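Colleague: Residue numbers (the numbering used here), protein chains in the order written: chain A, 1 to 382; chain B, 383 to 764; chain C, 765 to 1146; chain D, 1147 to 1528.
Fair warning: there could be bad hints in the mix.
As the list claims (entries may be wrong) - What follows is a set of in silico ranges between Cβ atoms, one per label pair, in the way DEER data are often shown:
hint	chain 1	residue 1	chain 2	residue 2	range
1	C	E1140	B	T733	32 to 38 angstroms
2	D	R1449	C	G1062	38 to 44 angstroms
3	D	P1325	A	L374	30 to 36 angstroms
4	B	D420	C	R1067	41 to 47 angstroms
5	B	D420	A	E74	33 to 39 angstroms
6	A	P301	C	A1064	19 to 25 angstroms
7	B	G538	C	T880	50 to 56 angstroms
For the record, the hints were derived by calculation from the structure and aren't laboratory data.
Keep in mind that this is a model prediction, so the values were computed, not measured.
Backbone N, C-alpha and C define an ideal beta-carbon position, used for all residues, glycine too.
Protein chains: 4
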Amino acid sequence: MSIATLSSPGTIGVGLVGSGFMGRAHAQAFRAVGGLFDLPLRPRLSMLADTTMDGATRAAASLGFEHACDDWRELVADPNVDLVAITTPNALHAPIALAALAAGKHVYCEKPLSVTLDEATRMCAAARAAGTVTAVGFNYLANPMLQVAREIVASGEIGEITFYRGIHAEDFMADPAAPFSWRCRPDQAGGALADIGSHALSMARFLLGDVERVFASLDTIHHRRPDPARPGTMLPVTIDDSAHMLLRFHDRPLTAHVCTTWLASGRDMQLGFEIAGTRGGLSFSQERFNELRLYRAGEAPGRSGFRTLHAGPAHGDYGAFCPAPGHQIGFGDLKTIEVARLLGAIAGHGTPIVDFDSAAMIAALSDAARRSSLEERWISLP
Amino acid sequence: MSIATLSSPGTIGVGLVGSGFMGRAHAQAFRAVGGLFDLPLRPRLSMLADTTMDGATRAAASLGFEHACDDWRELVADPNVDLVAITTPNALHAPIALAALAAGKHVYCEKPLSVTLDEATRMCAAARAAGTVTAVGFNYLANPMLQVAREIVASGEIGEITFYRGIHAEDFMADPAAPFSWRCRPDQAGGALADIGSHALSMARFLLGDVERVFASLDTIHHRRPDPARPGTMLPVTIDDSAHMLLRFHDRPLTAHVCTTWLASGRDMQLGFEIAGTRGGLSFSQERFNELRLYRAGEAPGRSGFRTLHAGPAHGDYGAFCPAPGHQIGFGDLKTIEVARLLGAIAGHGTPIVDFDSAAMIAALSDAARRSSLEERWISLP
Amino acid sequence: MSIATLSSPGTIGVGLVGSGFMGRAHAQAFRAVGGLFDLPLRPRLSMLADTTMDGATRAAASLGFEHACDDWRELVADPNVDLVAITTPNALHAPIALAALAAGKHVYCEKPLSVTLDEATRMCAAARAAGTVTAVGFNYLANPMLQVAREIVASGEIGEITFYRGIHAEDFMADPAAPFSWRCRPDQAGGALADIGSHALSMARFLLGDVERVFASLDTIHHRRPDPARPGTMLPVTIDDSAHMLLRFHDRPLTAHVCTTWLASGRDMQLGFEIAGTRGGLSFSQERFNELRLYRAGEAPGRSGFRTLHAGPAHGDYGAFCPAPGHQIGFGDLKTIEVARLLGAIAGHGTPIVDFDSAAMIAALSDAARRSSLEERWISLP
Amino acid sequence: MSIATLSSPGTIGVGLVGSGFMGRAHAQAFRAVGGLFDLPLRPRLSMLADTTMDGATRAAASLGFEHACDDWRELVADPNVDLVAITTPNALHAPIALAALAAGKHVYCEKPLSVTLDEATRMCAAARAAGTVTAVGFNYLANPMLQVAREIVASGEIGEITFYRGIHAEDFMADPAAPFSWRCRPDQAGGALADIGSHALSMARFLLGDVERVFASLDTIHHRRPDPARPGTMLPVTIDDSAHMLLRFHDRPLTAHVCTTWLASGRDMQLGFEIAGTRGGLSFSQERFNELRLYRAGEAPGRSGFRTLHAGPAHGDYGAFCPAPGHQIGFGDLKTIEVARLLGAIAGHGTPIVDFDSAAMIAALSDAARRSSLEERWISLP
């Protein structure tokens, strides 16, 4: 049970910082969650902060928040705000979260947790000191089919795990003429590994547990990108376009491969994995995230093969959305599940899907991968 | 522009009858729509009616309605209710809709429109008399990928349409021991054709236009089902388990095939079609409804093949949910699009995806199919 | 056991008429079969006939035949020829087969059996009179995965069959500018139904048994095609571009749908079916003919789904080609299996996959479908 | 043009060593090739050698060889044998090939080339000294769709290549109770990397060219396997069950990942790759080897997606088998293409798909991977 005291019994005041795509996704999830999940706490959309008063006011009206402001410090200080949701540019994650934790708030932060590992470490310490609940928005892990995959792995249903191959590939930087942006800046948590590879790493960790050692090779394929501010000129790029990582785990015999690239022309969400066990296998891609492919050894001769499971009420939180299989959930619903798990944890039931500590381990793993690539050697995780 | 006057400018009072799965889906859509779509009208969740006061009160609290009642007549009569959403058992659709229209309300009714064709005809007449906006919840037609499919067909992008094969197959009655239920009763719009085949028919009509003639064969495969009220005894079944229909259209040279069954073991949502045109083709299944497969003739030798389009901002209303492709929308989002189109129509912009007249034509088509099967001849639609 | 006497014990002299694609496919199958199957009879490639001596001689040399001739009558009369394989234009099937049967030969004829139903009837009578073995090349039925499908249906492994939907769609006539050819001529067994629809019909019959009644709608979509002999002029087309058939079977409760079209842009071999039973289902497409999708009811909750079987030694004749799964067989291998079954039957073991009688029933079914379409009524098969 | 003199002009005498699955596959390919390809040289099946005279005689009869013997040395010495095909256990590859080359024969050897890198080096030297043509049976590279993939990569059709991920996964050793066999013995070229990983490596090299550096991690997951000779006892296993390799290439900016495992439960032929380029992408799996998935950038908005190409006459050697698309080739046909390319090379046209030098480079790469895994560092190829 969290030790924080809520502003009103039975409800929790939500303060949202940012109203871009992710801000709106948070807001929609907080609005939807009460009608779908039977929660001990109902969110009250208390305050929305953005960079201008005008923008904040319009967003608050559109998204159903009671108040708006143009300074996140005001939001953090507001006694009606019990939970601070952070959807700002990455560099602001740490300052806002640290302030919110210092004020005794629960914090729900978009990934990445921070832009430096040092910040992440301080955020975890602050969370421990505050004793409040934290969550980081890794989105895809909230998928009921992934919950099932994790249970299948953990229960031994497919035997001992012997092989893993994971990926997150997209194509939004595939064109060498794609302009330089914050995604190309190391001080903004740029690079394919931090931006999308962290999803593939979090998925591997979600399924297989803590990583012990990593070997990596990060590639900068396009060393220059057009400067959008000065047409005709180029800016140098030093961050990674792709990364390959070999991972070894505590108490598992295998080496796993996890890779990422934002150069994969034609891919818009190839986030997935293949797992083999001694008695079966699993295969998943976010491209069809309402499906999970399962193989089980031991079928009659001529009758074995991967079966395609369709999401249904037998799978984790799917039943909160529909009592029948085959209807499918969407990305917004993944955020709603993430929020439901967070609110449950605040009320003392269960844990968030990814908290600050877990997110910091992903950050540490990315950091070790970067060092491994530079030093061309295996790096042990602490 | 609708001639109805709303209870308050800029908002529209919603009254929801029923709070089962579909009732909740409506409520969630009304709550979500304002944060996603830039609408001239914002829904106000005014009143929820259910069969008991206790159930209605709890549902209203959970779903965010201001008031609850246990008599839909009260809801229909409430001046704060501008739009009546009907998610009751099928036999109540007509009485509630007729009362709501008589009271000058807009009406949003779940499919099927009614349990008899006669009722449907009266509902259409009442809607014309009321001059309000009507919509019927065919759900799947709200899919952005279907909007794209319709545009591709209509624009001639794949040439003249020469072939169509459609289906809606599920398996919830595949087991002969599945008990007798309202779905087995003709007076409740039972039977596979009315229950799910209507989706396949509406899809064919959505894509190809009005049907001129139909030939059909309806199969009752399981003539008895267990009586759930009296264990050990069976009830006779007369409705159809499967239906095959051949359709001819105004101004199209082809005969289309549309079929339905609820006996298709292993299928939970095989609602789809294959279309061929003189210069290309389309293929779709609701099992993967964020995808559309497109073929276009005229590619370089050795480079032609069906391509798999993933839903993205270039496709209809997808962009309201996410600015990037690959994130996918869910069933709930389809209802939100349906509601957005309805609210737009009420505000004078565009039309609902399916209105009472369109739904009545689907009902007339089902009715003609039933007659064709009995009389073993082609039946012309009026 | 066949009553025919072979020219030499242990071998069988093969005479091949025609050396186009199908002639070569026959020759390759006869050459390959001995190295793959343990047969009581080994084929001896005795004589090849074609329309010119020059062409026949070159083909005989390339394909390994001992003799060549330019008159099929000479081939039929040759005492070294025990088995006559017919791969000529369709109109010659009947004359050659009748002559060969009159000479006491076994006959292996490409589909269609003949260009008129009357011819087919006479060919069946002649075969009965000759007492030799006949086979017709329906190719796709030789697939080990179809053998498995048939066993699954027949054994009740997926319960009682309640639903069937079959198709053969290709696109080689999709372009309205595709020229008039023999395929457009009724006297050459032209039209999509005879040309490719017969495969879909044979598959339905292979799996479900004899058809009792048929209702059909045949569409001529393109009523004129360019005359290749006179550029700029068009020839009228009367044969069908597409056909939809509803089928009812002896001792089965369902109505099946089987359709065909050669207008399906983007499809080069969509020959397949979906079957539902009370305890499972099957799905197959020749586009991936080394696979069969199987669903079985009764799995643990959350673990059910269609499984994809890959062809392997547990499936019918696959093991003749490879002792390991996953290697896949090709179209040529299907012909080799067809030939192996034919040679086995000649040696007294088993039956050909499709004999003249079966092929004649397919022809009768197509004929009934044509009549049904004209008369707009159900037609009973004899 | 090869400098070897053939035993008879226009034909080439084939001597086959071994008559297991691969021996038969060779024999069938040599028998089939003449009827499919228009070759300057026709194979004459001259002699078959196996370990016993009885077995050799039966195999020769079944496969159509003129002579049989029980000593490969006799076959190598026979003046009627121009080409020696080696399908023995791996340890015999080198001795037979070296003897055949010393006798001035052309040599066609199954993979792996040898069991040690040293042998491979000597075999390449002997081939250069003999001046005859050599080929190694990597099977899958003969696929027309791979030929197309290579052309697409080489021509720049999908831009500069920026990402590659390859795999060969099967499951025949997935069960820890699978017995110890020659595949577990280092002196028999055992281990997943040598056995099947070599296919994934050869594919990467086929598509991207020579490898410059490799980093690898080889996993021995199951350290003991049952001794089939002594029930109840176990033998220690030291070879690899899985291997992950990172590869860097001459003149390419990317790091590629290639992995292999024979523990992948449910996989019988997951040999494939994903390639990204700046203007497109490719994806392939041997599980559906008559397909290639191609993405090309630059399509109209909302119309882009991976397209599935089906093998057809526009793709490499497919047309030798069938003039129409959609019919598909099988594993045996891949061997026939491999043989056609070999015979062409012997006649002075083109080159074999993989010769001894290329196979030796794959062996060197595997060897470097093994060292890299032990020494935990990048290894440069010579």
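Colleague: Which earlier hints can't be squared with this structure?
Modeller: 3, 5 and 7
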